[in-house]
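Asker: So you can see what is in the structure, the chains are spelled out below.
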Amino acid sequence: MPEIISVVNTLDERQPYIALKQAKRNDTALACDSTSLAGAMSQRACVYSGARVALNPVTDAVHLVHGPIGCASYTWDIRGSLSSAKETFRTSFSSNMKELDVVFGGEKKLSKCIEELVGLYDPPVVFVYSTCIVGIIGDDLQAVCKEASRIHNIPVIAVHSEGFKGTKSDGYKAACNALMQLIGTREPEITSPYTMNILGDYNVAGDVWLVKPLFEKMGIQVITSMTGDATCETISQAHRARLNLVQCSGSMTYLAKWMHQEYGIPFRKVSYFGIEDIAIALRTAADFFGSQEMKQIAEEIIESETRRIMPEIQSIRNRLQGKTAAIYMGGAAKALTLIKGFRELGMEVVIIGTQTGKKDDYEQISYQVKDGTVIVDDANPLELADLLRRQKADLMVAGVKERFLAYKLGVAFCDFNHDRVIEFEGYDGFLNFARELDASMNSPVWKAYGSRLQPAVGSANSTENFSRRANQRAEHEEAVKERENMQDHNTTTLQESVA
Amino acid sequence: MTDRSYATVNPCIMCQPIGSVMAFKGIENSMVLLHGSQGCSTYMRLHLAHHFREPVDIGSSSLSEKGAVYGGSENLKKGLKNLILRYDPKVIGISTTCLAETIGDDIGRIIAEFKEEEEEIASERIIIPVSTPSYEDSHNSGYIKAVEAIVKEFTATDESGSDIFNNKLNVVLSENVSPEDTRELRRILSDIIGTNSFILLPDISETFDAPITGELQKIFPGGTSHSDISDMKNSAAMIGLGITNVNRAVSYLEQTFDIPSQNLPLPIGLEYTDRLVAALSMIAGTDILEAYQKERGRLIDAMVDAHKYIYGTKVAIYGDPDNVLGILSLALENGMHPILVVASSKSPGFAEYAMERVGQVKPDCNVTILEDVDFDAFNDAVKKAKPEMLIGNSNGKYIAKEMGIPLVRVGFPIHDRVGAQRILSLGYLGAMNMLDRVTNTILEAQEEKLVAKWSEPDRYAPLDREFHITEA
Numbered sequence: 001m002p003e004i005i006s007v008v009n010t011l012d013e014r015q016p017y018i019a020l021k022q023a024k025r026n027d028t029a030l031a032c033d034s035t036s037l038a039g040a041m042s043q044r045a046c047v048y049s050g051a052r053v054a055l056n057p058v059t060d061a062v063h064l065v066h067g068p069i070g071c072a073s074y075t076w077d078i079r080g081s082l083s084s085a086k087e088t089f090r091t092s093f094s095s096n097m098k099e100l101d102v103v104f105g106g107e108k109k110l111s112k113c114i115e116e117l118v119g120l121y122d123p124p125v126v127f128v129y130s131t132c133i134v135g136i137i138g139d140d141l142q143a144v145c146k147e148a149s150r151i152h153n154i155p156v157i158a159v160h161s162e163g164f165k166g167t168k169s170d171g172y173k174a175a176c177n178a179l180m181q182l183i184g185t186r187e188p189e190i191t192s193p194y195t196m197n198i199l200g201d202y203n204v205a206g207d208v209w210l211v212k213p214l215f216e217k218m219g220i221q222v223i224t225s226m227t228g229d230a231t232c233e234t235i236s237q238a239h240r241a242r243l244n245l246v247q248c249s250g251s252m253t254y255l256a257k258w259m260h261q262e263y264g265i266p267f268r269k270v271s272y273f274g275i276e277d278i279a280i281a282l283r284t285a286a287d288f289f290g291s292q293e294m295k296q297i298a299e300e301i302i303e304s305e306t307r308r309i310m311p312e313i314q315s316i317r318n319r320l321q322g323k324t325a326a327i328y329m330g331g332a333a334k335a336l337t338l339i340k341g342f343r344e345l346g347m348e349v350v351i352i353g354t355q356t357g358k359k360d361d362y363e364q365i366s367y368q369v370k371d372g373t374v375i376v377d378d379a380n381p382l383e384l385a386d387l388l389r390r391q392k393a394d395l396m397v398a399g400v401k402e403r404f405l406a407y408k409l410g411v412a413f414c415d416f417n418h419d420r421v422i423e424f425e426g427y428d429g430f431l432n433f434a435r436e437l438d439a440s441m442n443s444p445v446w447k448a449y450g451s452r453l454q455p456a457v458g459s460a461n462s463t464e465n466f467s468r469r470a471n472q473r474a475e476h477e478e479a480v481k482e483r484e485n486m487q488d489h490n491t492t493t494l495q496e497s498v499a
Numbered sequence: 001m002t003d004r005s006y007a008t009v010n011p012c013i014m015c016q017p018i019g020s021v022m023a024f025k026g027i028e029n030s031m032v033l034l035h036g037s038q039g040c041s042t043y044m045r046l047h048l049a050h051h052f053r054e055p056v057d058i059g060s061s062s063l064s065e066k067g068a069v070y071g072g073s074e075n076l077k078k079g080l081k082n083l084i085l086r087y088d089p090k091v092i093g094i095s096t097t098c099l100a101e102t103i104g105d106d107i108g109r110i111i112a113e114f115k116e117e118e119e120e121i122a123s124e125r126i127i128i129p130v131s132t133p134s135y136e137d138s139h140n141s142g143y144i145k146a147v148e149a150i151v152k153e154f155t156a157t158d159e160s161g162s163d164i165f166n167n168k169l170n171v172v173l174s175e176n177v178s179p180e181d182t183r184e185l186r187r188i189l190s191d192i193i194g195t196n197s198f199i200l201l202p203d204i205s206e207t208f209d210a211p212i213t214g215e216l217q218k219i220f221p222g223g224t225s226h227s228d229i230s231d232m233k234n235s236a237a238m239i240g241l242g243i244t245n246v247n248r249a250v251s252y253l254e255q256t257f258d259i260p261s262q263n264l265p266l267p268i269g270l271e272y273t274d275r276l277v278a279a280l281s282m283i284a285g286t287d288i289l290e291a292y293q294k295e296r297g298r299l300i301d302a303m304v305d306a307h308k309y310i311y312g313t314k315v316a317i318y319g320d321p322d323n324v325l326g327i328l329s330l331a332l333e334n335g336m337h338p339i340l341v342v343a344s345s346k347s348p349g350f351a352e353y354a355m356e357r358v359g360q361v362k363p364d365c366n367v368t369i370l371e372d373v374d375f376d377a378f379n380d381a382v383k384k385a386k387p388e389m390l391i392g393n394s395n396g397k398y399i400a401k402e403m404g405i406p407l408v409r410v411g412f413p414i415h416d417r418v419g420a421q422r423i424l425s426l427g428y429l430g431a432m433n434m435l436d437r438v439t440n441t442i443l444e445a446q447e448e449k450l451v452a453k454w455s456e457p458d459r460y461a462p463l464d465r466e467f468h469i470t471e472a
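Chains A and B supply the protein sequences, listed in that same order. For the first sequence, this note's numbering puts the final residue at 499, and the numbers step up evenly by one. For the second sequence, this note's numbering puts the final residue at 472, and the numbers step up evenly by one.
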């Protein structure tokens, strides 16, 4: 494990959360998995946000936020998840609680909202998210949802995501708990002896669509992808899969474990990012099902796809070789797979951090990175800024809040969060990723970074001429000033004119 | 999607705290701390960073379950302390969220205790609480409340300033405008009133649009200076910019310090800019500056150049009330047909002023005015009114796409295009900029229509094919 030393100047209470990986040092565990320190400017959001990002990509659901308007405003279509069918999830629904609702309770209004929205949108499922205030005034969300389910004859599911009741990870759990209520309620049509679910992929910019066809080529029926491009129907059939492949482990391991317990479906943790990890994912599935034919198809895919993208990857790699990267991600799974991805492009990671990593995650991260890498949990902007300088990172990969911080520091940037508009998974996705790094690091704009314009230096002759004129000008200004001083100040006052 | 009386679908407003943040960011050396759970600050940072494309740091007291049950005093104090240790701001705005308001924390008392307990680091700070529960009003009222709280704090506990008459003009905004607009306001005020003869509050021209300097400042320089805000009570006159809502800071200063004031609309378009320039010239006791006559003449020249392309174009305008009122005025005076005019939040003056302006320019114009609606209701209205273009923030993109009509982006938020911080709509230059953008958008749409029309197979066929062949 990494050694905790004072890597950067920060609050004393934050020091245990930042460590430097060094060989031959005593073990010290990185502090993590606790609530954020007040005033420390955490980059994390709240329980609600965790629930919202994990659940929101369910495309045909009405996602109703029970609370004041802000929580719905700030989360309206912020995740770049795409849908192959309905777009209901891109609409922002709120009960818009007002002062009177806070005083007298919001249950009645909530029931009316559900009734209205069910009537207008005819959704197969309604998710009702609770926000801070609901937890304080004690609206009985469960009871309202149960009653609404009965009346409208569709699942109306309470998502217990009061903002203050924990961290973003607790929000993921709340989302998983909501999904559990759907799973197993419908039977799928089975078309292949090999069935699986994709868990922890949110179809950002169409990621799932670059991955799912690979499995289908191998003869696997993908019952659902959670929650990217998932529908109420496919989620409710998920229990018939023989295997769960979990990518975003931070958000979906909890659900995978539950499905294992409840339905005996084993799960494997995989990643679809980077040449090596995609290959591992495909082989994992083929090995699990044990079909020789499938194994062969997997190898063929890996072979031909790698060969297809390699020339361009190679040429980009030549330009990126030896550059350094900083990773600050929401979850540890993405951070881990990124380390490999960067290596495949000839880059080395010098800073790595997450918002919601757990002890095991950081142990794995520490194992993966080289000595001298800084590992940080729940970092804040000032720490990140110091680290980017100290570690001399050429590029940062993170989300919107960090983007402009990096830019101001002259560090190239790659958006690997949920609001990116370009897909990074699968073979073409990795190519996109490489192109994006290339574009940001090799752009000529950085040549101007931090520069200041200097006066022009001309030939000796012209410089002399300019300075002669300058002397004359100075003399002239002196004379004007003297003349002005002799006069009385008789400017019109504001007071006079107003009066 | 038809009538609803309970649920809100695609909100037009944000909550009060984000408005207060925009106001506090317009003050020199200041930070904001939101008293509530961690998510509020993060969401607002995201929302603002997306729009302004700048790092935006907003503190949080990171209230947890314990804080919510036993009171947030401990977290708030810790938050204040850490914020001071890390950012060393002179001014800290504390905005409450729905959580803090509902658990009933007494912010004033907590601040007093904090100042006592942490005297060493707290004594020199100015801590300004503002009550901005998210279940009341909107981001617009949050802005107004924060500006009022700032002015009250600085003019009441004045240690540095004096009571000496300063002969300056206070200019106080009651609605957020872009950094570029703020710079333009500063230029106009400097030219007409004099560089050091006005106090503009808030001023986000530098703080939300900071140049790259080669280093990262913890708090971006710029914003209205503290001495200036303290000095506002000694000013000779005052202009409130924005008329749809009560400018509470202006009312307070007028009542408390007897400073004569007038409220003017945001100077968008010819008429409203005329009103500001005339008022400023009157206050300065000067004739209209020749440079501004020329600028104005160029605007009118631009209006003449554009008039035939733009005349009668049906437009829907939406956004924050004073911005919408200004764009409405600009649209009307250029001969457009504002068929639908929508303000994000309810305000006492919006509908009346909007109708007044319609009455002045085009009394027979059929206009639908809506306030305090969500985008779903707006979309329905758009479908009914069938405008040919939209002017407003980026949240209108969905309906623009659905209707196949162009959207000219202005206001807040704009999340899907770069340069939102540099959109200029104020003053004669702003009017020219908006007019050019709108006109060019119309021209582009017309060109496309023309191409589409003549590329239809049956639209035009040579009369006699053989004739052409023999000619050749």
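FYI, nobody ran anything at the bench for these hints, they're computed from the structure. Treat the hints loosely; a few may be bogus.
Dumping the calculated SDA-like pairs for lysine to any residue here, alpha-carbon to alpha-carbon at most 25 Å [said to hold, decoys possible]: (1) B/Lys401 <-> A/Glu312; (2) A/Lys98 <-> B/Lys401; (3) A/Lys323 <-> A/Leu120; (4) B/Lys314 <-> B/Ala278; (5) A/Lys98 <-> B/Gly71.
Some chain B residues judged to face chain A by a derived CB distance under 8 Å, without partners named [said to hold, decoys possible]: (6) Gly79; (7) Ala122; (8) Ile405.
Residues from chain A that keep clear of chain B, each with C-beta distances beyond 10 Å, as calculated [what the hints assert, rightly or not]: (9) Thr35; (10) Ala40; (11) Gly70; (12) Ser94; (13) Ser95; (14) Val102; (15) Glu116; (16) Leu120; (17) Ile137; (18) Glu187; (19) Lys217; (20) Gly219; (21) Val400.
Even for Gly, the Cβ is constructed at its ideal location relative to N, Cα and C.
Asker: Give a verdict on every hint.
Answerer: Quick rundown of the hints versus the structure:
no.	hint	verdict
1	B/Lys401 <-> A/Glu312	violated, 35 Å
2	A/Lys98 <-> B/Lys401	violated, 32 Å
3	A/Lys323 <-> A/Leu120	violated, 53 Å
4	B/Lys314 <-> B/Ala278	violated, 31 Å
5	A/Lys98 <-> B/Gly71	holds, 22 Å
6	Gly79	holds, 3 Å
7	Ala122	violated, 13 Å
8	Ile405	violated, 19 Å
9	Thr35	violated, 5 Å
10	Ala40	violated, 5 Å
11	Gly70	violated, 3 Å
12	Ser94	violated, 4 Å
13	Ser95	violated, 7 Å
14	Val102	violated, 5 Å
15	Glu116	violated, 5 Å
16	Leu120	violated, 5 Å
17	Ile137	violated, 7 Å
18	Glu187	holds, 33 Å
19	Lys217	holds, 34 Å
20	Gly219	holds, 39 Å
21	Val400	violated, 6 Å
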